[in-house]
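A.B. asks: What follows is each chain in one-letter form.
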Amino acid sequence: MKILYFAWLRSTIGLAQETATPPSDITNVSDLIDWLRELSPAHTKALSDISAVRVAVNQSFASLDYPLASDDEVALFPPVTGG
Amino acid sequence: MKILYFAWLRSTIGLAQETATPPSDITNVSDLIDWLRELSPAHTKALSDISAVRVAVNQSFASLDYPLASDDEVALFPPVTGG
Amino acid sequence: MIRVQKEDFDVAAEMSRLTEGRHNVGGVTAFVGLVRDMGGEDKIKAMTLEHYPGMTEKKLSEIEMEARKRWPIEDVLIIHRIGRLEPGERIVLVLTASSHRKAAIESCQFLIDWLKTDAPFWKLEETTEGENWVKARDSDNDATRRWDKN
Amino acid sequence: MIRVQKEDFDVAAEMSRLTEGRHNVGGVTAFVGLVRDMGGEDKIKAMTLEHYPGMTEKKLSEIEMEARKRWPIEDVLIIHRIGRLEPGERIVLVLTASSHRKAAIESCQFLIDWLKTDAPFWKLEETTEGENWVKARDSDNDATRRWDKN
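Chains as they are written, first to last, in this note's numbering: chain A, 1 to 83; chain B, 1 to 83; chain C, 1 to 150; chain D, 1 to 150.
Just so you know, these hints were derived from the structure itself, not from any lab. Warning: the hint list may mix true and false statements.
Pairs of lysine-lysine, DSSO-like flavour, derived with a Cα cap of 27 Å [claimed, not checked]:
#  : chain 1 : residue 1 : chain 2 : residue 2
1  : C       : Lys102    : D       : Lys149
2  : D       : Lys102    : C       : Lys6
3  : D       : Lys45     : C       : Lys102
4  : A       : Lys45     : D       : Lys135
5  : C       : Lys135    : B       : Lys45
6  : D       : Lys69     : D       : Lys102
7  : D       : Lys135    : C       : Lys149
8  : D       : Lys102    : C       : Lys135
9  : C       : Lys149    : D       : Lys58
10 : D       : Lys69     : C       : Lys149
11 : A       : Lys2      : D       : Lys149
Here are a few chain A residues that sit away from chain D, every Cβ distance over 12 Å (derived from the structure) [stated by the list, open to error]:
#  : residue
12 : Ser11
13 : Thr27
14 : Asp31
15 : Trp35
16 : Pro41
17 : Ala42
18 : Leu64
19 : Ala69
20 : Asp71
21 : Glu73
22 : Pro78
23 : Thr81
So the derived label-pair ranges between C-beta atoms look like this [what the hints assert, rightly or not]:
#  : chain 1 : residue 1 : chain 2 : residue 2 : range
24 : D       : Lys149    : C       : Arg145    : 55 to 65 Å
25 : D       : Lys6      : C       : Ser16     : 51 to 61 Å
26 : D       : Arg70     : B       : Ala20     : 46 to 56 Å
27 : B       : Asp65     : C       : Trp147    : 18 to 28 Å
28 : C       : Ser16     : B       : Ala20     : 24 to 34 Å
29 : B       : Glu18     : D       : Trp147    : 52 to 62 Å
30 : B       : Lys45     : D       : Arg70     : 40 to 50 Å
31 : C       : Arg17     : A       : Gly14     : 38 to 48 Å
32 : A       : Thr21     : C       : Arg17     : 50 to 60 Å
33 : A       : Ala42     : D       : Ser16     : 45 to 55 Å
34 : A       : Gln17     : C       : Arg17     : 35 to 45 Å
35 : A       : Ser24     : D       : Ser16     : 54 to 64 Å
36 : A       : Thr21     : D       : Ser16     : 51 to 61 Å
37 : B       : Lys45     : D       : Asp8      : 53 to 63 Å
Ideal Cβ positions, reconstructed from N, Cα and C, are used throughout, including at glycine.
Working from the sequences, and respecting the hints, build out all of it.
C.D. replies: Structural data, given as structure tokens:
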């Protein structure tokens with residue numbers, strides 16, 4: 001599974017992208033975030049407040065209960081501020 | 001009194017501008033139009049349907065009961081179509 | 001600012017002039033009206049724009065003042081062309097600059113709506129079937145009335 | 001059409017390209033967003049625009065398609081710049097062309113409102129006091145929700 005980080009999630013975690021192989025009981029976005037949070041202190045810090053995080057799965061916005069497959073591209077980022 | 005005509009009022013009457021000296025019992029816009037209508041067959045034709053005519057007195061829109069003074073600039077024209 | 005002119009205008013140049021050195025402008029809206037060739041059944045060959053010199057500038061200034069009262073606008077530019085114009089040519093430019101995009105867009109819409117019903121311009125169409133004066137449309141009046149204060 | 005680029009754009013040239021040879025276009029609306037220097041107490045020295053390549057183009061295309069469903073638009077152009085921009089520089093251009101001015105203005109407003117809340121761009125401010133990521137504003141969400149269908 002490809003995980004992408006943008007904006008302050010990227011700078012806090014210190015990674016733009018990582019390839020993760022979560023265990024098979026990680027079946028949706030919410031599970032994945034709980035699992036990612038334990039990867040490092042930086043992950044813990046970046047993902048502590050889930051309400052500040054938006055998610056896209058395969059480049060479409062997704063909710064926390066959105067189901068995941070092992071070859072998905074999952075992006076985590078703050079609310080957008082373009083325009 | 002200076003009378004200006006625009007758009008099809010101008011082309012129907014055949015004048016862009018004329019100086020009129022209406023009698024002293026012509027006190028408002030409605031009176032003036034009734035009086036102008038008798039000046040020539042072209043005036044009669046152009047001013048037959050008063051609902052199709054808009055009026056400005058001294059370059060501000062004016063209603064039919066707007067009072068007139070002898071040195072006013074009165075413009076008669078169809079509804080505007082700019083922009 | 002108001003300009004009535006025969007000459008064409010350059011939207012980008014006017015926009016740059018309006019925002020130059022003003023770093024509190026967050027949004028600029030431009031509306032450009034163009035001559036269409038589909039005014040009815042008959043093909044339009046050209047439009048001739050006539051106006052009421054003096055009253056035009058007065059009304060446009062009043063409309064600009066009204067927009068400035070309603071929205072926090074940094075600057076406004078209205079250019080309206082007169083004379084003979086062919087299909088595809090620019091007729092009118094309304095430019096508004098504000099610190100907020102909502103104010104810039106809404107005031108631009110307000111200005112063009114009011115201009116359509118309150119500024120003394122008239123259009124003479126040349127079609128393949130002859131000349132005729134363009135009729136005012138109820139939809140334009142409805143658009144302006146929408147801005148009336150309750 | 002959608003373009004994401006580092007380079008600046010020329011509003012007049014893009015507008016001419018959009019309307020060229022299309023004589024049924026009666027109105028073109030352009031919204032240009034600019035970098036302001038008054039984001040808060042601290043002076044803004046620059047903004048860096050980051051985006052999610054791939055998703056950006058996908059979302060902007062979806063937003064364009066939605067606008068085309070709702071309004072009779074002849075053409076649409078969205079240009080969004082990325083990278084480092086200083087106060088007064090152009091960030092975004094939304095251009096809409098329609099036979100009717102109402103469709104041109106409303107669809108332009110719709111596109112910029114949606115773009116603000118649905119396109120994956122993020123702004124990093126450099127102020128005199130350091131760097132910080134710009135926070136999303138409730139007012140932007142409210143502006144987008146206004147377009148929800150009942």
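A.B. asks: Hints first: check each against the structure and report whether it holds.
C.D. replies: Now for the hints, and whether the structure bears them out:
Our distance criterion of 27 Å between C-alpha atoms is met by lysine 102 of chain C and lysine 149 of chain D, whose separation comes to about 20 Å. For the hint linking lysine 102 of chain D to lysine 6 of chain C, the alpha-carbon distance of about 26 Å falls within 27 Å, and the restraint holds. For the given pair, lysine 45 of chain D sits about 24 Å from lysine 102 of chain C by alpha-carbon distance, which is consistent with the 27 Å threshold. At most 27 Å may separate the alpha-carbon atoms for a hinted pair to count; lysine 45 of chain A and lysine 135 of chain D meet this at roughly 18 Å.
For the hint pairing lysine 135 of chain C with lysine 45 of chain B, the CA-to-CA distance comes to about 18 Å; that is within 27 Å, so the pair holds. With a C-alpha separation of about 15 Å, the suggested pair lysine 69 of chain D and lysine 102 of chain D falls inside the 27 Å cut-off, and the hint holds. Restraint check: the Cα-Cα separation between lysine 135 of chain D and lysine 149 of chain C comes to about 34 Å, which exceeds 27 Å; the hinted pair is violated. For the proposed pair lysine 102 of chain D and lysine 135 of chain C, the alpha carbon gap of about 18 Å is at most 27 Å, so the pair holds.
The hinted pair formed by lysine 149 of chain C and lysine 58 of chain D fails the criterion: a straight-line CA distance of about 41 Å is larger than 27 Å. Of the supplied pair hints, the one linking lysine 69 of chain D and lysine 149 of chain C is violated, its CA atoms being roughly 31 Å apart against a limit of 27 Å. Proposed proximity of lysine 2 of chain A and lysine 149 of chain D is contradicted: the alpha carbons are some 35 Å apart, above 27 Å. At roughly 8 Å from the closest C-beta of chain D, the C-beta of serine 11 of chain A falls inside 12 Å, breaking its exclusion from the interface.
Consistency note on threonine 27 of chain A: stated as away from chain D, and its beta-carbon is indeed over 12 Å from all of that chain's, at 23 Å minimum. Every CB of chain D is more than 12 Å from the CB of aspartate 31 of chain A (nearest about 22 Å), matching its label as outside the interface. No beta-carbon of chain D comes within 12 Å of the beta-carbon of tryptophan 35 of chain A; the shortest separation is about 22 Å. The Cβ of proline 41 of chain A lies farther than 12 Å from every Cβ of chain D, with a closest approach of about 20 Å, so its non-interface assignment holds.
With a cut of 12 Å on Cβ distances, alanine 42 of chain A stays outside the contact zone with chain D, its closest approach being about 16 Å. Non-interface call for leucine 64 of chain A relative to chain D: holds, since the shortest CB-CB distance, roughly 18 Å, exceeds 12 Å. Against chain D, the non-interface label of alanine 69 of chain A holds: every CB pair exceeds 12 Å, the least being about 18 Å. Every beta carbon of chain D lies more than 12 Å from that of aspartate 71 of chain A, the smallest distance being close to 15 Å; the non-interface claim holds.
Interface exclusion of glutamate 73 of chain A from chain D breaks down, the closest Cβ pair being 9 Å apart, not more than 12 Å. Not every beta carbon of chain D lies more than 12 Å from that of proline 78 of chain A, the smallest distance being close to 7 Å; the non-interface claim is violated. Not every Cβ of chain D is farther than 12 Å from the Cβ of threonine 81 of chain A; the closest lies at roughly 4 Å, contradicting the non-interface assignment. Against the hinted window of 55 to 65 Å, the Cβ-Cβ separation of lysine 149 of chain D and arginine 145 of chain C comes to about 25 Å, which falls outside the hint.
Between lysine 6 of chain D and serine 16 of chain C the beta carbon distance is about 20 Å. The supplied range of 51 to 61 Å is therefore violated. For the pair arginine 70 of chain D and alanine 20 of chain B, the beta carbons lie near 53 Å from each other, so the given range of 46 to 56 Å is met. Against the hinted window of 18 to 28 Å, the Cβ-Cβ separation of aspartate 65 of chain B and tryptophan 147 of chain C comes to about 26 Å, which satisfies the hint. In this structure, serine 16 of chain C and alanine 20 of chain B break the distance hint of 24 to 34 Å, their C-beta atoms being roughly 49 Å apart.
At roughly 53 Å, the beta carbons of glutamate 18 of chain B and tryptophan 147 of chain D sit within the given window of 52 to 62 Å. The beta-carbon spacing between lysine 45 of chain B and arginine 70 of chain D, approximately 46 Å, falls within the hinted interval of 40 to 50 Å. Range check, arginine 17 of chain C to glycine 14 of chain A: Cβ separation about 45 Å, and the 38 to 48 Å hint holds. Take threonine 21 of chain A and arginine 17 of chain C: their Cβ atoms lie about 58 Å apart, and the range 50 to 60 Å holds.
A C-beta distance of roughly 50 Å is found between alanine 42 of chain A and serine 16 of chain D, which places it inside the suggested range of 45 to 55 Å. Distance hint for glutamine 17 of chain A and arginine 17 of chain C: a CB-CB separation of about 44 Å, consistent with the stated range 35 to 45 Å. Between serine 24 of chain A and serine 16 of chain D the CB atoms are about 57 Å apart, so this pair conforms to the stated range of 54 to 64 Å. Restraint check, threonine 21 of chain A to serine 16 of chain D: a C-beta distance of roughly 53 Å satisfies the suggested window 51 to 61 Å.
The supplied range of 53 to 63 Å is met by lysine 45 of chain B and aspartate 8 of chain D, whose beta-carbon atoms lie about 58 Å from each other.
Hint check: violations occur at hints 7, 9, 10, 11, 12, 21, 22, 23, 24, 25 and 28; the rest are consistent with the structure.
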